[in-house]
Amino acid sequence: MSYGLRVFFVGGLMSYRALFNWLSPWILIPSFLVAPLFQILLFTYVGRAAGLESDRFYVIGNAIQYAAIPCLFAMGNTIGGERWQQTLPLILGTPAPRIPLFLGRALPVVGNGFVVAAVALVVGSAILGVRVPLGAVAPIALATAVSALSCTGLGLVNAALGLRVREVAVLSNVIFGVLLVFCGVNVAVGDLPGWMQPISNALPLTHGIEAARRLADGVAFGGVTGLLGTELAIGAAYMALGYGLLRFFETMSRRHATLERA
Amino acid sequence: MRTIRLLALGWLFHVKGLTSSGFFVLTSTVQPVIFASIAFFMFEAGARPGTLLYVALGAGLMGVWSSTLFGAGGAIQWQRWQGTLEITVSAPTPFLLVMIPMTISAASIGLYSIAATLFWGRVFFGVPLHFAHPWLFVLALPATLLGLGLLGLVMASTFVLYRQASAFQNLLEYPVWLITGLLVPLALLPGWVAPIGWVLSPYWGMRAVRESALGGDPLVPIGMCVGLAAVYLVLGALFLANFERLARKHATLSLT
Numbered sequence: 003m004s005y006g007l008r009v010f011f012v013g014g015l016m017s018y019r020a021l022f023n024w025l026s027p028w029i030l031i032p033s034f035l036v037a038p039l040f041q042i043l044l045f046t047y048v049g050r051a052a053g054l055e056s057d058r059f060y061v062i063g064n065a066i067q068y069a070a071i072p073c074l075f076a077m078g079n080t081i082g083g084e085r086w087q088q089t090l091p092l093i094l095g096t097p098a099p100r101i102p103l104f105l106g107r108a109l110p111v112v113g114n115g116f117v118v119a120a121v122a123l124v125v126g127s128a129i130l131g132v133r134v135p136l137g138a139v140a141p142i143a144l145a146t147a148v149s150a151l152s153c154t155g156l157g158l159v160n161a162a163l164g165l166r167v168r169e170v171a172v173l174s175n176v177i178f179g180v181l182l183v184f185c186g187v188n189v190a191v192g193d194l195p196g197w198m199q200p201i202s203n204a205l206p207l208t209h210g211i212e213a214a215r216r217l218a219d220g221v222a223f224g225g226v227t228g229l230l231g232t233e234l235a236i237g238a239a240y241m242a243l244g245y246g247l248l249r250f251f252e253t254m255s256r257r258h259a260t261l262e263r264a
Numbered sequence: 128m129r130t131i132r133l134l135a136l137g138w139l140f141h142v143k144g145l146t147s148s149g150f151f152v153l154t155s156t157v158q159p160v161i162f163a164s165i166a167f168f169m170f171e172a173g174a175r176p177g178t179l180l181y182v183a184l185g186a187g188l189m190g191v192w193s194s195t196l197f198g199a200g201g202a203i204q205w206q207r208w209q210g211t212l213e214i215t216v217s218a219p220t221p222f223l224l225v226m227i228p229m230t231i232s233a234a235s236i237g238l239y240s241i242a243a244t245l246f247w248g249r250v251f252f253g254v255p256l257h258f259a260h261p262w263l264f265v266l267a268l269p270a271t272l273l274g275l276g277l278l279g280l281v282m283a284s285t286f287v288l289y290r291q292a293s294a295f296q297n298l299l300e301y302p303v304w305l306i307t308g309l310l311v312p313l314a315l316l317p318g319w320v321a322p323i324g325w326v327l328s329p330y331w332g333m334r335a336v337r338e339s340a341l342g343g344d345p346l347v348p349i350g351m352c353v354g355l356a357a358v359y360l361v362l363g364a365l366f367l368a369n370f371e372r373l374a375r376k377h378a379t380l381s382l383t
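Taken in sequence, the protein lines are chains A and B.
Going from the first sequence to the working numbering is simple: count from 1 and add 2.
Going from the second sequence to the working numbering is simple: count from 1 and add 127.
Hint data in this document are derived by calculation from the structure and do not stem from the laboratory.
Note that the structure is a prediction, hence the values are computed from the model and not measured.
Cβ atoms here follow ideal geometry from the backbone N, Cα and C, with glycine treated the same way.
Hints should not be assumed to be uniformly reliable.
Stated by the list, open to error - So the derived label-pair ranges between C-beta atoms look like this: (1) A:Tyr5 with B:Lys376: 48 to 56 Å; (2) A:Trp197 with B:Tyr289: 24 to 32 Å; (3) A:Thr96 with B:Leu224: 26 to 34 Å; (4) B:Trp262 with A:Gly246: 42 to 50 Å.
As the list claims (entries may be wrong) - Pulled a few chain B residues facing chain A out of the computed Cβ check, cut under 8 Å: (5) Ile165; (6) Phe170; (7) Ala294; (8) Leu305; (9) Leu341.
Work the whole structure out from these sequences, hints included.
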């Protein structure tokens with residue numbers, strides 16, 4: 003395996019394990035798999051009280067949006083955690099190529115986000131009796147994976163900001179809330195005020211959630227490829243922005259000797 | 128008199144301390160505003176528009192629960208990390224009297240949440256701020272904070288025994304929002320859920336605040352908040368004494 007690939011795969015996996023290895027699986031697994039179910043239930047019942055949308059609308063929206071928890075927090079903590087443990091200067095002091103170094107850390111997070119959203123979709127649907135056409139299962143899984151990938155791009159931006167912001171967890175919480183409001187998770191983008199809609203369309207998850215909902219409504223995969231392509235493009239744009247910000251802040255931190263001080 | 132002074136000054140000290148934390152201020156203002164906004168949009172777009180003041184107060188109380196859960200639940204653990212636990216335990220003042228203002232102040236930070244959601248609702252969604260029983264509303268708020276703060280004392284004294292409690296705390300946020308009816312009427316939930324909410328002060332706090340604002344009889348829920356607070360105080364004192372005994376016996380007071 004070449005040096006760059008080793009940094010990408012082995013380094014990424016080690017970084018991911020370091021994030022959660024201290025935590026018992028008895029806590030880690032419910033945190034990822036049980037918590038989204040309560041978000042689904044809360045908004046489904048609010049939706050029932052408001053008489054707004056079907057249960058399926060909330061199950062799909064909230065399950066896919068919950069992928070943002072690992073995508074934002076895990077990515078943010080890859081930088082914040084390294085600084086906290088005082089290993090950040092060591093990592094950035096190595097000659098390791100930066101693209102595999104940073105993007106390798108994103109790969110396990112994409113997988114984590116996908117698993118969280120997929121389990122929430124399946125279990126949430128089972129609890130609330132939501133049915134999806136059998137033929138739509140694989141395309142919805144793909145839409146979920148694309149959404150997790152695209153949200154990890156935003157997570158990389160969050161990680162980069164971690165070089166400047168001390169409270170990475172607060173920042174992650176705020177971004178999570180913004181996604182919850184703007185991405186059409188509980189209120190269709192068309193029902194949001196006009197000034198919010200352009201922002202919704204520029205955020206990850208919006209198009210992925212919409213694609214998954216259309217697939218669940220019986221639309222053929224060919225009918226949502228445009229949405230999924232847009233979702234991927236948005237994710238790639240955030241990924242590029244995140245990488246650029248990481249390099250920029252790294253350079254500035256070296257110049258001002260502020261790597262360990264946010 | 129000295130005890131009252133200790134409790135009052137302790138409360139003020141910790142409110143100031145928590146207010147200086149970006150995490151707490153943002154969590155207690157931004158998060159409830161986000162949930163309130165979503166609920167406002169849902170009820171505005173829905174076929175059965177709900178009372179917006181009902182939503183604003185519910186979202187505010189969600190913030191009170193979050194600040195209690197994270198502020199009070201981890202109060203002892205934080206003292207460990209900051210190296211002040213040994214000092215407070217070995218001080219001549221009973222440890223219980225040191226902890227009570229700490230957990231009540233964490234719940235009090237939730238007042239920012241209620242203020243934020245009412246302000247946000249009024250300015251951006253035109254929520255009418257007409258309170259049916261304004262004086263009872265003023266009484267309901269401290270009763271609610273007392274009930275939640277002393278529930279926080281029970282959490283603080285039990286969570287400290289488990290190293291992974293901080294991760295477990297995250298799991299308790301949504302379920303309590305749901306089963307205490309903060310945003311969703313309990314009548315919509317399965318029948319077995321309601322009795323769980325009855326033993327939790329957020330349920331009675333929500334009723335006290337809502338019934339004083341929207342009309343109803345808030346005196347019963349206010350009384351329940353105070354009554355539950357007394358029960359939590361007894362439980363918290365027992366658990367805290369047990370924690371202190373175990374920590375001294377095994378010499379684990381400062382060990383995380």
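Going through the hints against the structure:
1. Distance hint for Tyr5 (chain A) and Lys376 (chain B): a CB-CB separation of about 54 Å, consistent with the stated range 48 to 56 Å.
2. With their beta carbons about 46 Å apart, Trp197 (chain A) and Tyr289 (chain B) fall outside the hinted range of 24 to 32 Å.
3. For Thr96 (chain A) paired with Leu224 (chain B), a C-beta distance near 52 Å fails the hint of 26 to 34 Å.
4. Evaluation of the 42 to 50 Å hint for Trp262 (chain B) and Gly246 (chain A) yields a failure: the beta carbon distance comes to about 57 Å.
5. Checking Ile165 (chain B) against chain A by beta carbon gives a least distance of about 5 Å; that is within 8 Å, so the hint holds.
6. Satisfaction of the interface hint for Phe170 (chain B) is found here, the shortest Cβ-Cβ separation to chain A being roughly 5 Å, below the 8 Å cut-off.
7. A distance limit of 8 Å between C-beta atoms decides the matter here; for Ala294 (chain B) the minimum to chain A is near 4 Å, and the interface restraint holds.
8. A hinted interface residue such as Leu305 (chain B) counts as satisfied when its beta carbon comes closer than 8 Å to some beta carbon of chain A; here the least separation is about 5 Å, so the hint holds.
9. The beta carbon of Leu341 (chain B) is not positioned within 8 Å of any beta carbon in chain A (closest approach about 15 Å), and the interface hint is therefore violated.
Against the hints set out earlier in the document, violations occur for numbers 2, 3, 4, 9.
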